[in-house]
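Going down the list, the protein sequences come from chains Z and Y.
The first sequence begins at 1 in this note's numbering and counts up by one.
The second sequence begins at 357 in this note's numbering and counts up by one.
Just so you know, these hints were derived from the structure itself, not from any lab.
Among these hints, one or two may not hold up.
Here are the in silico distance ranges between beta carbons for each label pair [unchecked claim]:
#, chain 1, residue 1, chain 2, residue 2, range
1, Z, Glu165, Y, Pro434, 46 to 52 Å
2, Y, Arg620, Z, Asp259, 54 to 60 Å
3, Z, Arg60, Y, Pro657, 49 to 55 Å
4, Y, Glu616, Z, Glu165, 38 to 44 Å
5, Y, Ala436, Z, Gly130, 45 to 51 Å
6, Z, Ala49, Y, Arg416, 43 to 49 Å
7, Z, Gly148, Y, Glu410, 52 to 58 Å
8, Z, Glu165, Y, Trp694, 57 to 63 Å
Facing chain Z, according to a computed beta carbon distance under 8 Å, are these residues of chain Y, among others [as the list claims (entries may be wrong)]:
#, residue
9, Glu361
10, Ala369
11, Glu383
12, Arg386
13, Pro391
14, Gly393
15, Leu413
16, Gly417
17, Val419
18, Leu501
19, Glu502
20, Gly531
21, Pro533
22, Pro535
23, Asp606
24, Val608
All C-beta atoms, glycine included, are put in the ideal place defined by N, C-alpha and C.
There are 2 protein chains.
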Amino acid sequence: MTDAELPEPVTLAELQLAARNHGLPLEALRYAVTPVGLHYVLTHYDIPAVDVGEWRLGVRGEVERSLSFSLDELRDLPAAEVVATMECAGNGRARLAPRPVSQPWLLEAVGTARWRGVPLPTALKRAGLGDRARQVLFTGLDRGLEGGVAQCYERALPIGEALREEVLLAYEMNGSPLPPQHGFPLRLVVPGWYGMTSVKWLSSVTVLDHPFSGYQHERAYRFRLAEDEEGTPLSRMQPRALMVPPGVPDFVTRERIVDEAPLRLEGRAWSGWAPVVSVEVSADGGEAWTRADLEADVGSPWAWRSWSFEWAPTPGRYLVCCRAVDAAGNGQPVGQVWNLGGYANNAVQRVVVSVV
Amino acid sequence: MTDAELPEPVTLAELQLAARNHGLPLEALRYAVTPVGLHYVLTHYDIPAVDVGEWRLGVRGEVERSLSFSLDELRDLPAAEVVATMECAGNGRARLAPRPVSQPWLLEAVGTARWRGVPLPTALKRAGLGDRARQVLFTGLDRGLEGGVAQCYERALPIGEALREEVLLAYEMNGSPLPPQHGFPLRLVVPGWYGMTSVKWLSSVTVLDHPFSGYQHERAYRFRLAEDEEGTPLSRMQPRALMVPPGVPDFVTRERIVDEAPLRLEGRAWSGWAPVVSVEVSADGGEAWTRADLEADVGSPWAWRSWSFEWAPTPGRYLVCCRAVDAAGNGQPVGQVWNLGGYANNAVQRVVVSVV
Numbered sequence: 001m002t003d004a005e006l007p008e009p010v011t012l013a014e015l016q017l018a019a020r021n022h023g024l025p026l027e028a029l030r031y032a033v034t035p036v037g038l039h040y041v042l043t044h045y046d047i048p049a050v051d052v053g054e055w056r057l058g059v060r061g062e063v064e065r066s067l068s069f070s071l072d073e074l075r076d077l078p079a080a081e082v083v084a085t086m087e088c089a090g091n092g093r094a095r096l097a098p099r100p101v102s103q104p105w106l107l108e109a110v111g112t113a114r115w116r117g118v119p120l121p122t123a124l125k126r127a128g129l130g131d132r133a134r135q136v137l138f139t140g141l142d143r144g145l146e147g148g149v150a151q152c153y154e155r156a157l158p159i160g161e162a163l164r165e166e167v168l169l170a171y172e173m174n175g176s177p178l179p180p181q182h183g184f185p186l187r188l189v190v191p192g193w194y195g196m197t198s199v200k201w202l203s204s205v206t207v208l209d210h211p212f213s214g215y216q217h218e219r220a221y222r223f224r225l226a227e228d229e230e231g232t233p234l235s236r237m238q239p240r241a242l243m244v245p246p247g248v249p250d251f252v253t254r255e256r257i258v259d260e261a262p263l264r265l266e267g268r269a270w271s272g273w274a275p276v277v278s279v280e281v282s283a284d285g286g287e288a289w290t291r292a293d294l295e296a297d298v299g300s301p302w303a304w305r306s307w308s309f310e311w312a313p314t315p316g317r318y319l320v321c322c323r324a325v326d327a328a329g330n331g332q333p334v335g336q337v338w339n340l341g342g343y344a345n346n347a348v349q350r351v352v353v354s355v356v
Numbered sequence: 357m358t359d360a361e362l363p364e365p366v367t368l369a370e371l372q373l374a375a376r377n378h379g380l381p382l383e384a385l386r387y388a389v390t391p392v393g394l395h396y397v398l399t400h401y402d403i404p405a406v407d408v409g410e411w412r413l414g415v416r417g418e419v420e421r422s423l424s425f426s427l428d429e430l431r432d433l434p435a436a437e438v439v440a441t442m443e444c445a446g447n448g449r450a451r452l453a454p455r456p457v458s459q460p461w462l463l464e465a466v467g468t469a470r471w472r473g474v475p476l477p478t479a480l481k482r483a484g485l486g487d488r489a490r491q492v493l494f495t496g497l498d499r500g501l502e503g504g505v506a507q508c509y510e511r512a513l514p515i516g517e518a519l520r521e522e523v524l525l526a527y528e529m530n531g532s533p534l535p536p537q538h539g540f541p542l543r544l545v546v547p548g549w550y551g552m553t554s555v556k557w558l559s560s561v562t563v564l565d566h567p568f569s570g571y572q573h574e575r576a577y578r579f580r581l582a583e584d585e586e587g588t589p590l591s592r593m594q595p596r597a598l599m600v601p602p603g604v605p606d607f608v609t610r611e612r613i614v615d616e617a618p619l620r621l622e623g624r625a626w627s628g629w630a631p632v633v634s635v636e637v638s639a640d641g642g643e644a645w646t647r648a649d650l651e652a653d654v655g656s657p658w659a660w661r662s663w664s665f666e667w668a669p670t671p672g673r674y675l676v677c678c679r680a681v682d683a684a685g686n687g688q689p690v691g692q693v694w695n696l697g698g699y700a701n702n703a704v705q706r707v708v709v710s711v712v
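All chains should be built: construct the whole structure from the sequences, respecting the hints.
Okay, structure coming up:
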């Protein structure tokens, strides 16, 4: 009735990543803003130890004047808050085969936080954008070897995206300084985009007059079907609806046991492309779908919306699914759609539920 | 040169657990007290949603008077703080074969927190221990099916252990209310014991006149070699030393690249039986061992001690290991020692390091 085994078993290398990184236990979808420690975390290399007394952020490149900020100096600039849902581009990867050796997410690589910091345009305008500005490169302090390339983690944004007011140089998460694993003392937050863009442990912001061609753009985070294909870079999050698994779990299988029906199914849905306009629920594995109620959102266009569905099942075994559609018409496939990097797999969630 | 594959691949059921629960990324051994979100978490079932306005702790059973406390009432009692290292009894399970379907920890299921709460003896004395008191049962609000048995998670302590002053009914972790995943609003903390004993989301404390025989005692958390063996219950943590992996990682293999030698290896070591009195390091996979420096501890007999080792390797590939011995003479084996439940496997850590 369901996907009881993976098409390809998990290797030691994948387990090592799964033991370090972690997802949102799906019952934590109940929180509009995800508590620290429940928000997903993915770090490519190690969490760096940063001495905040020594740390500075450099702003340089195609600017009128290079700048350097201490954390206190950034805190003295006008601040903004954005509640944003962030999802890993690799969410859903574990059910693909073959798949690259990387973090084997099932569906839990998501979270919503209240980020506070300096709008990126504020910092860029202080430096004075040069006429040739085309992209902005963000360099983290986290360092390692990937695909044979020694690197600090870095990613770039097109200048138009970098000038969005809601893009933050964030120093707070949920009202507290960033935890080490979320980028202390400063990270980028790009609402609407997959998480790989929101570079953590920022050390510099460099305005470029050309497209950046580093590892995390040219080799990783591209949607492609073959190695020799140029492919398209990942950017915004595909729509996805997830439900709080109803009832209680079996420890081993995580199948659900529901002993009180009717019940209310609840969850969250998001898309980086446009607002979610519809969530549907299926209790038969994706054959028949019924519209769920979309609730008021958490007050931010960049955060997930909550949904609910009154369900009155008779005793039996069900494969319960949910799916979202956004205002741009993007939806979710019922089955897995393969790609080389295992990215942006937004196939619908399937939860086995026994109503007793 | 090392354990490049698991003896048995990870299944979907194990991955589901690994995606929910999470360990301490080993570079976070650098923190004497583990920041929230980096401390290991294991939950058998779901994290319950607790309405603290409705919640109460019951104290009952073999007592002179049954009591019931709100969180505010507990906060009004005399409080104590304990810095304690907590490790999952299943830490090290993933390298065993065959192994039960459970959380496939490598080595990262540990953390140290500053817990604050009411000493358990204070609460028990308020209720008045009956003469027949033999064990104390702790019942959590987390509910599920395990081994075919519907249950709330619950574990008991012998009365002598329950009366230790450092056993806490804890409502704070690192100076803040417990995060949901660590047992909000109240959990038990039993310093020195494996984590299964420190029941989260406490709803009741029941003094028993007999040994408790629930699932988590009779079926789980026993050290045994065959199903039909009675075995011995898990209790205190075996000694273990872990190191902060030196240098920087390769993303996929997590092997380490060190480009600056000599260097200082650092880590932490603990035992639930007695203070750690010695840590040794090997750079050749456990053939030759040299004593490391044990540093001042973090001011608590229940917390790990830090250690360091000045290492001056020539370029080459090394299999670096560390091991601890406690004052009771307990040590760590170099190889895996199998048991049915995959518990208490304190085989030494092995880190592949390329010095370039």
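Hints and how they fare:
Glutamate 165 of chain Z and proline 434 of chain Y have their C-beta atoms about 51 Å apart, which keeps the hinted 46 to 52 Å range intact. For the hinted restraint 54 to 60 Å between arginine 620 of chain Y and aspartate 259 of chain Z, the CB-CB distance of approximately 56 Å keeps it satisfied. Distance hint check: the CB atoms of arginine 60 of chain Z and proline 657 of chain Y are about 50 Å apart, consistent with the given range 49 to 55 Å. At about 42 Å, the beta-carbon gap between glutamate 616 of chain Y and glutamate 165 of chain Z stays in the expected band of 38 to 44 Å.
Checked against the hint of 45 to 51 Å, the pair alanine 436 of chain Y and glycine 130 of chain Z fails, with Cβ atoms roughly 60 Å apart. Between alanine 49 of chain Z and arginine 416 of chain Y the beta carbons are some 47 Å apart, a value that agrees with the proposed interval 43 to 49 Å. For the pair glycine 148 of chain Z and glutamate 410 of chain Y, the beta carbons lie near 57 Å from each other, so the given range of 52 to 58 Å is met. About 58 Å separates the C-beta atoms of glutamate 165 of chain Z and tryptophan 694 of chain Y, a value consistent with the hinted range of 57 to 63 Å.
The beta carbon of glutamate 361 of chain Y comes within 5 Å of a beta carbon in chain Z, closer than 8 Å, and the hint placing it at the interface holds. Annotation: interface hint on alanine 369 of chain Y holds; nearest CB of chain Z at approximately 5 Å, less than 8 Å. At about 4 Å, the closest approach between the beta carbon of glutamate 383 of chain Y and any beta carbon in chain Z falls short of 8 Å, and the interface hint on this residue holds. Below 8 Å, beta-carbon pairs count as interface contacts, and arginine 386 of chain Y has one with chain Z at about 6 Å; its hint therefore holds.
For proline 391 of chain Y, the interface hint holds, since its Cβ comes within 8 Å of a Cβ in chain Z; the closest pair sits about 6 Å apart. Interface hint status for glycine 393 of chain Y: upheld, as the beta-carbon distance to the closest one in chain Z is roughly 4 Å, under 8 Å. The beta carbon of leucine 413 of chain Y is not positioned within 8 Å of any beta carbon in chain Z (closest approach about 22 Å), and the interface hint is therefore violated. The closest approach between the C-beta of glycine 417 of chain Y and any C-beta of chain Z is roughly 25 Å, which is over the 8 Å cut-off, so the hint fails.
Hint status for valine 419 of chain Y relative to chain Z: violated, with the closest Cβ pair at about 30 Å, above 8 Å. Checking leucine 501 of chain Y against chain Z by beta carbon gives a least distance of about 4 Å; that is within 8 Å, so the hint holds. Annotation: interface hint on glutamate 502 of chain Y holds; nearest CB of chain Z at approximately 4 Å, less than 8 Å. Checking glycine 531 of chain Y against chain Z by beta carbon gives a least distance of about 11 Å; that is not within 8 Å, so the hint is violated.
Hint status for proline 533 of chain Y relative to chain Z: violated, with the closest Cβ pair at about 10 Å, above 8 Å. About 5 Å separates the beta-carbon of proline 535 of chain Y from the nearest beta-carbon of chain Z, less than 8 Å, and the hint is met. The interface hint given for aspartate 606 of chain Y is met, as the beta carbon of that residue sits about 4 Å from the closest beta carbon of chain Z, less than 8 Å. Given hint, valine 608 of chain Y at the interface with chain Z, holds; its Cβ is 5 Å from that chain's nearest Cβ, closer than 8 Å.
Hint check: violations occur at hints 5, 15, 16, 17, 20, 21; the rest are consistent with the structure.
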